[in-house]
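A.B. asks: The residues making up each chain are set out below.
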Amino acid sequence: MAYLDHAATTPMLPDALEAYVAAAAHLGNASALHAAGRGARRLVEEARESVAADLGARPSEVIFTGGGTESDNLAVKGMFWGRRDADPARRRVVASEIEHHAVLDAVDWLERHEGAAVSRLPVDAGGRIRMDVLADVLAEHGDEIALVTAMWANNEVGTLQPISEMSAATEQHGIPVHTDAIQAVGQVPVDFAASGAAALTVTGHKLGGPAGVGLLLLGRDVPVTPLLHGGGQERDVRSGTLDVPGIVSFAAAVRVAVAEQAATAERLTRLRDDLIARVRKAVPEAILNGDPVDRLPGNAHLSFPGCEGDAILMLLDAAGVQCATGSACNAGVAQPSHVLLAMGADETLARSTLRFSLGHTSTQEDVDELIEALPTAVERARAASAT
Amino acid sequence: MSGGVDSAVAAARAAEAGHDVTGVHLALSRNPQTYRTGARGCCTLEDSRDARRAADVIGIPFYVWDMAERFHEDVVDDFVAEYAAGRTPNPCLRCNEKIKFAAVLDRAVALGFDAVVTGHHARIDAGVLRRSVDLGKDQSYVLAVLNSGQLSRAIFPLGDITKEQVRAEAAERGLAVADKPDSHDICFIADGDTRGFLTERIGAKPGDIVDGESGEVLGEHNGAFAYTVGQRHGLGLTRPAADGRPRYVLSITPVSNTVTVGPREALEVDVVHSNRLVWTDGVARTEPIECEVQLRAHGEVHAATVVASGDTLTAHLRHPARGVSAGQAIVVYQPDSGGDVVIASATITGAERG
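Sequences listed follow chains A and B, in order.
Read left to right, the first sequence gives residues 1 to 387 (my numbering).
Read left to right, the second sequence gives residues 1 to 354 (my numbering).
Just so you know, not all the hints are guaranteed correct.
[As the list claims (entries may be wrong)] Residues on chain B that point at chain A, a partial pick, calculated with CB under 7 Å:
id, residue
1, Asp106
2, Arg107
3, Gly112
Just so you know, these hints were derived from the structure itself, not from any lab.
The model shown is predicted, which means the values in this text are computed figures rather than measured ones.
Cβ coordinates follow ideal geometry from the N, Cα and C atoms, glycine included.
With the sequences and hints as input, model every part of the structure.
C.D. replies: Structure below.
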């Protein structure tokens, strides 16, 4: 069995699992004033300090949430509302065309329901956001922009984005940048302070922590209107009883993922380059998508012209090799990937892609299994497309 | 796997028989959003979930295949075009012919599968297609359109049990769909309003309702497609017939856009013409065949003699039949104590009193 879908979710790290079980045995609402409450709160605050140190942030900048989608929605909608309320002229959102749906659909919703104006940043053929277009948008609309949102690394094709450059460009206009760094943490160095971003999304289950817990790093001076109102937890930005074991486990996972990032990146890059080279040898017409160098170490995203990605996926699955056609959120009825379309692929090519993503448990044997099963799968998928 | 009880049990039986089974749910709507609005029909998100849960319980992989484009072209567009041409199509039959045992089967074979298993109530053994043991649920009529090549790759595991037994078996197997109600409506008309569906697509086309004997114009209709041969209700005629007896739709003529009506006995026909003839075993017969024919889904059976000529088939009924519509299938059966055997199928083009 070869699991090549770590970008969808990756196994929990042993430290994270152990931390979860230990913390789950603790009694106490972290907002309660008695000893049990204080004990729970202490675990949360230690976790907050830990992730802050690992991610180049201050503890007060850490807002724990229920995961990546919530963090993205909080950043995009919350910053839009906050900035618009402070200055009604600021109702423009700038977003790249290759964002995850958690950002993309939040932006679309603001456009439809909240009167937001939207500037969409195109990407080049390698999936890198066009900085020249951002410069034009800033020059033309600088006074109307509420926020810029751009992901640190694309979840489908793996291309890394110039976030620091973006923050530098927006800084002189006083515009905050939100970045979804869900795929980046643990794979490439992520430092919130150095990035210049005002808000940054991380989630647990992509780096070896549990699903259902994430965070938004949020600068102290960034105006944000909450999505959830209630008990006033997390700076009154995110109400709701804190998930103590989830947060503690998440922090343990971040600690390991960040500490081992350099070694992981080196190992996965080698494994990934081997995977790509052997796929191309087995299927010479396969095309590598995304930037060949500036990409996530664990990401190999390939098109197989003349095949449907869906068909290859099913056949590989039957052979014990698990991968993805795009992001798992598109599962069910296949839609051509908006990322590939933004990179200039036509619909047919956009449907012919597979993502193989490696993570902390990936081995050479996983790649061997893929290479063994792939030629037959591609051949049959090609025959099926011809029917 | 539609999400219903039949396909769930069929999949379970196939897996239990030792086949390497993969569950496939067909996404048939071009706009997935519409899945959410229709509680009825066979392509709602809820049905997809039911199918997935059945696959989980059986322990087989499960995928959704997007057949929306093919389904729209081959079944929905065909359905509308047939009505517009004054015929009464059977979309389930067309779906079997063009989607389940064509598009799906071809894709499956290319991907390395050997056969398509469905939950149809019919028996297939060594290429011989027979009625189900459950005559009330028998679906051999909508499968008879399949040719021998298609049938050679079809497996119907439910033909030897009744619907009631299917439900009992589903419950025994722990399948949650055991008591899910049967679907009766046309799956792509979620609200069940066929006339509204057709009017939306064909447009209102007013024309005359004419008396078959006198030729007198009795009233006006908004579109001949809304009428079916044998229909009595909803004619909207204000004047009673001269003899005071009810009137029925006798025929629909798209060219002149007229609906012809008359008394019940004028509906009676005993010669039925058809084309697009398919011999179930692939062997053409030229001599007359003494047999039974069925002229619509779940319709009665008529003793007949059929004569084939090339692509066409003519049936001489022993006793007259009523309400025979062009566009429906005529299916030829050979009565058999082991289950009536399907010999041939064709599409009705017309009928008359011989």
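A.B. asks: So, for every hint listed, does it hold in this structure?
C.D. replies: Against the structure, the hints:
{"no.": "1", "hint": "Asp106", "verdict": "holds, 4 Å"}
{"no.": "2", "hint": "Arg107", "verdict": "holds, 5 Å"}
{"no.": "3", "hint": "Gly112", "verdict": "holds, 5 Å"}
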